[in-house]
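Student: Protein sequence lines correspond, in order, to chains S and A.
The working numbering numbers the first residue of the first sequence as 1408 and each following residue consecutively.
The working numbering numbers the first residue of the second sequence as 144 and each following residue consecutively.
The set of hints was computed from the structure by calculation and includes no laboratory data.
No experiment lies behind these values; they were computed from the predicted model shown.
One or more hints might be untrue.
[Claimed, not checked] Here are the simulated DSS-like cross-link-like pairs (lysine-lysine), alpha carbons at most 27 Å apart as the crow flies:
#1 Lys174/A / Lys195/A
#2 Lys226/A / Lys1528/S
#3 Lys211/A / Lys1532/S
[Said to hold, decoys possible] Residues on chain S that point at chain A, a partial pick, calculated with CB under 10 Å:
#4 Ile1523
#5 Gly1524
#6 Ser1527
#7 Ala1530
#8 Lys1567
#9 Leu1569
Even for Gly, the Cβ is constructed at its ideal location relative to N, Cα and C.
What follows is each chain in one-letter form.
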Amino acid sequence: MSATRICLFVTAALGLTACVGRRDIPPPSPPLTSASPVPEPAATTVAPATPQPAPGVVPRSSVTTPAPQAAIKVAPPVVRTPVPIARSPQPAAPPAASLTLDLNTLKKQLKETKAIGLFSKIALKNQVDDLLDDFRKYYQGKVKIDMTELRQSYNLLMMKVLSLLQDEDQKLAAAIVSSREAIWDFLADPKKFATLEI
Amino acid sequence: MNKRTVVLTQSLFLAAFFAVRSFAADEEALKKDLTAVIALQGLPCGQVVAVKTEAENDYAVSCKDENKYRVYLNAAGRVVVEKRK
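Using the sequences provided together with the hints, build the complete structure.
Tutor: Laid out in structure tokens, this is it:
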């Protein structure tokens, strides 16, 4: 075996190793909370700017260049810009609504995420179960803790989950942050909590 | 040297190379997981630097701050972290 061949072989092995060793970098998640509100103000500011016939003077003070360009691309070159502008707020609403997770979805996604190791998942599940037991006992009047303490425990647990997720599964972390209050509302309502099946 | 021997040597070298690398990656993942478990219990550790497997789902752990723990899964399915001297 020639020295050249050995060199080629080692180079290939090192190249492959570099590929194998590379971790899955999660795609840069779009700013979940701020994404939807942005188009709305753009659309509203564009509305008065475009239909103006511009009688020779240049009164264009708006800096919102991307929105008019998109509107021009979609609409025919006729001056009917208000039609696409009126539609724009409608598609913005569903993504914001879909960001909130219910408990079962959260449970499923936490099970599936690779950002948390197996032992950590079990430890987290233990702590979630403990918190749910505390809620159960609280609603049954079996324990002398108040809602403030439960809220503190809930916040602490959320912080733990987020600290485990935030570096490697930012999408799920963001979804949890946006669902945080909704989950709390669910837990803090005895009637809703009674329907819980976890 | 026979051509077959060369190919076999190459294959063995590659297999060993990736096996060692995979083992190291697994151990790093386990250390990270155990670090997270200890932190979840609110115990001081900093970072797990050494892990010794005592049994299945039972580990003796040494931390960077020189604390030592036993981390295991008990019969009730709970992760238990015990401090060791």
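Student: Provide an ascending list of the numbers of those earlier hints which the structure does not satisfy.
Tutor: 9
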